Amino acid sequence: MQLRKIRLSGSDVPSAEIAFTVGANVLAGQSDTGKSYLLHCLDFILGADELRKRIPEAEPYSQLHVEFQEPLGEYLTLERNLSGGELAVHRCRMDEIVEDGERVIRSRSGSSQAKDLSSVLLPFADMAGEAKLRKNDRGETQRLTVRTLLPIFLVNEIAMIDEKSPVVGDGTFDATARKRMFAYLLSGKDDSGIIAAERRDIIRARDQAKLGLIADLLEPLERKVKSFSDDPNDTIDKVDNAIGSITTELNTTTETRTAVLRNLQTEIAELQRAETQIIAIGEVLDRYKLLSARYKSDLGRLDFIAEGAHYFDGLQEVHCPLCDQPMSRDHLHVAQERSADVYAGARAEASKIKALSTDLSQVIITLEERLADWREGEATSRNNIKDFQERLDRQLAPALSDLNSRLEKLIRRRVELEGARNDKDQLDNLQLMKAEIERTSTGKTGTSKWEPLPSVALRNLCKCIEMVLIEWQWSTEPRVEFDQADFDIVVDGQSRQSHGKGVRSILHSAFVIGLLRYSAEYEKPHPGFVVLDSPLTSYRKSPSVNNGDGPIPPMIEVGFWKSLAEVTSKIQVIVIENKEPPKEVADAVSYTWFAGDDAKDGERKAFIPS
Amino acid sequence: MSSDLRRKSRPFNSPLECGLRMLFILTAQAERFADLQRLVNYDYLLVHSGDIPDGPKSLHPDVPFRGNELLVKRDLVHAGLTAMFSRELIEKSFTIMGIMYRANELTLAFTKLLCSAYADDLRARSQWLVERFGDMPDHELEIFMGANVGKWGAEFDRFTAARDLEL
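Keeping their order, the protein sequence lines are chains V and P. Numbering of the first sequence is given in the working numbering, commencing with residue 1 and proceeding in unit increments. Numbering of the second sequence is given in the working numbering, commencing with residue 1 and proceeding in unit increments.
Any given hint might turn out to be false.
In the DMTMM-like style, the derived pairs of lysine to aspartate or glutamate whose C-alpha atoms are separated by at most 20 Å in a straight line are [to be verified]: (1) K600(V) with E580(V); (2) K296(V) with D62(P); (3) K296(V) with D120(P).
Examples of chain P residues lying across from chain V (beta carbon under 8 Å, computed) [said to hold, decoys possible]: (4) L59; (5) F65; (6) E69; (7) A119; (8) H139.
Hints in this document: simulated from the structure, not taken from any laboratory. The structure presented is a predicted model; accordingly, all values stated were derived computationally and were not measured. Beta carbons are placed, not taken as given, at the ideal position from N, Cα and C, and that holds for glycine.
In isolation and in its complexed conformation, chain V is listed as follows (with noise of 0.2 Å):
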């Protein structure tokens, strides 16, 4: 993109106005003849807030239209009224305009996705109209503007002489975007990926509520943790011990028991023995007795018998009452047995049985003999069984619980412990964190580490401000560095702003004319062209406190002229001076004077005409 026209209307004045070619112009005159002027006018249509400059001669005219060319031929015109406010823009040369334009808002801000002065001029110019540029070390990105480029093509004689970076300028809330607008100048890479880091104040923010948290979570683990005074691994140990001890007593107490039950069963057991053979042997007994009993009666029935035999027979027999027979041995209703021979049986009878219950005495005997045994056995049994049962309730019984319940406390006391501990665990821990949260807060939070400017490619751009040097002899071989601490460059050893101020705009003027040249030779994105506002004056009216400030050597200033006659057609480089160059470069180049008061005839007094 090329600057060719810039022209003031008004009505009832004749335009001013003016033309740019390719390649070099100079634009050179008389002190107030509007050349800084134009300087100003460029600045309002690329955007800035009000036209800086204000001269008398200005004020019948209201309306500025700057015409551009990009370099296949097409037109773009900006159109602003002088007393500020937005743009248009006309697809067009200047003079061809027959409508309103499209109107574009200069800045648009935030997200929004209105045309702007930017999203049309770049792109015109051939650079990406929505390159984003790192403003922060958080890696917050913005737009790239035509505001943020104006330092390298824009110069004015302010900045030419100024002890500051020519890229940085005195942008100090936009140095980071400006620096990286410099690195995708040389680079043609923008920042687009870069993911931006949380802000500081939410950081904050978030570390704050952190610390809240943990300082309610804090207060009252310290407080419990306090009100436990033991060492608490130490009892927990002590604990353990006991706990183990208490067990190994309550097996052992345990198996005594056991035993004792067993006992206890196998006795139980002999008792019922005993018991059942006690019945047993009773039963027996009452029938043994009552055998006894009936020998016993027996005996005394055969007495009966035999007595009552002996009586009996000594009757008469009588007649049968009913059939008057003697009732003899053959009757019918007699006995059948004869009384002597009843007598005879009794006796034999009653012999029998007294054997028989000698017998049987002596078996009672012998089994009332075991009975007492067995009875014994039963005692026995008896008292074991409630020795037993002594120990078991008395000794065993409360021993166990007595152990159970202490057990149970030490286990209670383990748990507490244990808490105790964890809460000591999360005590630590979360001390460690607050330390930890607090440490990283009250300290800069590390910077992120940025990439520094591509080194290849500012080795080249190096390369282009020696070949300018050269060109205007400054030395055969100067040795141009850039030194990105002050983002600005070194020559031969020596900062750009140690020198004086006419070698400062030098340099300044080097650098801005190398930087275009290193666009054009490697192709990457510059809007194209650069205006210098007297690099060759030093700047009169700046109170410099830098003494050295000696006027540029002459060599340099027949170099600086000469070159620019040279300068190619696919660039444009745009002079404002105050001298006059040299007549061989005045003609080599597109030539304006503005004579000023002491115009001759044919000679244009200044911008505007009067």
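Guided by the hints, dock chain P onto chain V, whose structure is given.
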């Protein structure tokens, strides 16, 4: 015949023994008559007096299921009475109540001759028997005996523990 022989070899429960017991019972109730059924009942009660509450100790052992004795005594008692009657030791009358038996003058005299311990026991128990049941009408006595015949001696049915005896 063999059963006859065996009965001869054992003098117990012979008509003679039973008849002699009848003499003591009839002596004890003096002038009163008694029929065969009453005398059958009396014969049981006389030797098993212990089965009656507050009765004297039984003269015969308390063998199991002795109640059944009552059911088989009728013939024996009848034979006993006949044997005694053949020596005129009792009086036998045919009345509207049936055949009734009663002591006569010989009865008391004869029983006085018998003086073994067993005979003394029979005398004492006969006295108790008549005092206890003498005034009870025939049918009431029947009911009383019928109600108890199954009970007497039935306590022996749980004679089981002897099986566990270790010999």
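Subject >> Broken hints, by number >> reply: 5, 6 and 8
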